[in-house]
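**Student:** The lines below spell out each chain.
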Amino acid sequence: MTSSSVASPVAGRPWRKRPFIVNARLRWSLYLGSLLYLVLAISSVSVNWSRVWEGLDRGWRFVEGFLVPDFASRWGDIVIGMQESLTMTLTSTVVGILISVPIGIGAARNIAPAPVYAVCRSIIALSRSFQEIIVAILFVAMFGFGPLAGFLTLSFATIGFLSKLLAEDIEDIDEAQAEAVRATGGGWWQIVNYAIQPQVMPRLIGLSLYRLDINFRESAVIGIVGAGGIGATLNTAIDRYEYDTAGAILIIIILIVMVSEYSSGYVRKWVQ
Amino acid sequence: MLRVENLRKRYRTGDEALKNVSFSVPAGEVVGLIGPSGAGKSTLIRCINRLVEPTDGNVFLNDLNVTRLGRNDLKQARRRIGMIFQEYALVERLSVMENVLSGRLGYVSFWQSFTRRFPQADIDKAFALLDRVGLTDHADKRADALSGGQRQRVGIARALEQDPELLLVDEPTASLDPKTSRQIMRLICEICAERNLPAIINIHDVVLAQSFVDRIIGLRAGEVVFDGAPDALTEDVLSRIYGEEDWAVLRRQHDSDESDDAADPKKPVEERLVELV
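From first to last, the protein sequence lines stand for chains A and B. No gaps in the numbering here: position 251 of the first sequence is 251 in my numbering, and each next residue is one more. No gaps in the numbering here: position 7 of the second sequence is 7 in my numbering, and each next residue is one more.
Hints may contain errors.
To be verified - Each pair of labels, with its calculated beta carbon distance range:
no.	chain 1	residue 1	chain 2	residue 2	range
1	A	Glu168	B	Ala248	51 to 59 Å
2	B	Glu223	A	Ser122	43 to 51 Å
3	A	Trp188	B	Asp163	17 to 25 Å
As the list claims (entries may be wrong) - According to the in silico footprint, chain B covers these stretches of chain A (three or more CB under 8 Å from chain B):
no.	segment
4	177-184
5	190-202
Claimed, not checked - Calculated pairs, DSBU-like style, for lysine-lysine (alpha carbon to alpha carbon, straight line, at most 35 Å):
no.	chain 1	residue 1	chain 2	residue 2
6	A	Lys269	A	Lys164
7	B	Lys141	B	Lys75
8	B	Lys141	B	Lys179
9	A	Lys164	B	Lys141
10	A	Lys269	B	Lys141
11	B	Lys75	A	Lys164
Source of the hints: derived by calculation from the structure; they are not laboratory data. Only a predicted model underlies this, so the values are computations on that prediction, with no experimental measurement involved. For each residue, glycine too, the CB sits at the ideal point set by N, CA and C.
Just need the whole structure built from these sequences, with the hints factored in.
**Tutor:** Written out as structure tokens, the structure reads:
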């Protein structure tokens with residue numbers, strides 16, 4: 001091993017990274033098949049070009065409204081809608097987190113007994129299988145128009161999101177730390193509190209802030225189907241062709257999302 | 001006093017990690033457990049506090065048969081067995097003090113541990129131990145702010161906080177540099193001598209084991225193939241444990257290491273502890 005041997009008997013032997021699909025015929029037929037499907041799928045979308053042309057005009061009026069937003073004429077409605085949305089967002093996030101944490105712990109395979117795991121995973125699956133708007137329509141039908149339906153919708157959606165990600169984070173913990181706490185004779189709750197909570201807390205806080213963000217944006221969407229909040233105000237404005245007011249509402253939403261994005265990034269860095 | 005009788009462990013995959021292992025460790029004796037990777041060293045010490053459930057056999061801690069205990073009794077028994085880990089296994093986002101106090105978890109209620117209101121006696125003990133391992137000033141630092149050697153000393157303090165009757169030590173020096181490794185081994189052995197604690201130390205470094213422990217058990221493919229004094233580890237024996245290799249190199253290294261270390265034991269304890277910080 002004193003000097004590098006230059007004249008290796010296999011010098012000049014080529015090397016290439018092995019393709020992911022080793023069988024060349026299979027690989028190429030998969031590529032061609034996907035391409036063919038893509039072409040067929042795109043060509044099957046029927047486009048009414050004259051309608052698109054008309055729509056451009058309407059779209060442009062919307063953009064114009066955006067460029068000259070009118071905060072003043074519907075200011076009262078905007079404030080009420082915003083208040084409803086922010087209340088809905090905060091309450092549903094808090095309630096959602098409170099319910100998600102136990103479900104998330106129960107849905108982590110490495111610490112939960114099998115029956116608890118099955119129950120918690122089904123709750124998550126149920127919550128995740130329905131999009132917010134569908135849930136909102138259901139709750140509006142059950143509890144009438146207004147922010148209560150919105151609050152319930154967002155809480156329900158938060159459970160699916162947060163429990164699943166928390167459970168996955170718990171499953172990814174460093175087992176050695178939990179083993180060490182178990183070896184001291186600590187009980188299950190103590191292991192959760194001493195070995196698991198410190199490992200998942202920063203991510204849980206980050207996810208909660210992220211969910212707060214999502215819930216605010218969703219509150220604007222579900223308002224359109226009658227679940228109250230700024231979405232209802234926005235919907236009314238668009239229905240009345242008041243694109244300048246709609247533009248004002250969208251600008252406020254964008255600003256709030258930006259503020260929450262910036263502050264949650266700061267908090268996330270701080271809790272690491 | 002620890003007594004292991006006919007311990008067997010077969011994993012669900014069908015691998016037989018331990019085949020009929022028996023030995024006993026009297027109070028105050030430090031046993032080095034050596035053997036190639038996969039010989040079952042980790043499984044063996046984890047079967048003693050049942051972090052791994054043994055398939056068959058008995059483990060007696062003094063007169064208590066650990067293998068026959070129910071869940072709650074097992075927790076009580078684990079309090080009496082301190083464990084020190086490879087890669088330290090500290091809870092990294094907790095403070096040094098919380099890590100040391102976690103050695104008392106088996107003794108306090110969930111509420112006490114949740115609010116971190118430990119009995120004053122436990123806190124006193126924790127400070128005394130941090131002092132013993134030379135980390136008093138680091139009590140409120142987060143565990144991940146410490147160096148490798150410091151972390152392992154927190155691990156030692158956590159194990160001792162339990163007031164253990166037995167120490168299980170799994171590769172304590174695997175991620176430490178040679179000098180820190182010797183310091184950690186010396187600290188463990190000194191503490192065992194002070195408290196008359198029996199200990200089992202899994203260790204890959206044969207030379208390091210030979211220079212510190214009282215007795216060596218060699219494990220190969222789940223069977224004890226050697227059990228005796230460190231001096232009795234001849235090249236034949238090493239070949240029996242690990243397979244054929246040129247052991248003479250190891251021997252020479254060992255000899256020069258010995259002379260290096262010869263001055264050390266003469267230093268007063270305080271001075272050596274200063275070195276540790």
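**Student:** Give a verdict on every hint.
**Tutor:** Results of checking the hints against the structure:
{"no.": "1", "hint": "A:Glu168 - B:Ala248: 51 to 59 Å", "result": "holds, 52 Å"}
{"no.": "2", "hint": "B:Glu223 - A:Ser122: 43 to 51 Å", "result": "holds, 47 Å"}
{"no.": "3", "hint": "A:Trp188 - B:Asp163: 17 to 25 Å", "result": "holds, 23 Å"}
{"no.": "4", "hint": "177-184", "result": "holds (count 7)"}
{"no.": "5", "hint": "190-202", "result": "holds (count 8)"}
{"no.": "6", "hint": "A:Lys269 - A:Lys164", "result": "holds, 23 Å"}
{"no.": "7", "hint": "B:Lys141 - B:Lys75", "result": "holds, 29 Å"}
{"no.": "8", "hint": "B:Lys141 - B:Lys179", "result": "holds, 24 Å"}
{"no.": "9", "hint": "A:Lys164 - B:Lys141", "result": "holds, 32 Å"}
{"no.": "10", "hint": "A:Lys269 - B:Lys141", "result": "holds, 19 Å"}
{"no.": "11", "hint": "B:Lys75 - A:Lys164", "result": "holds, 31 Å"}
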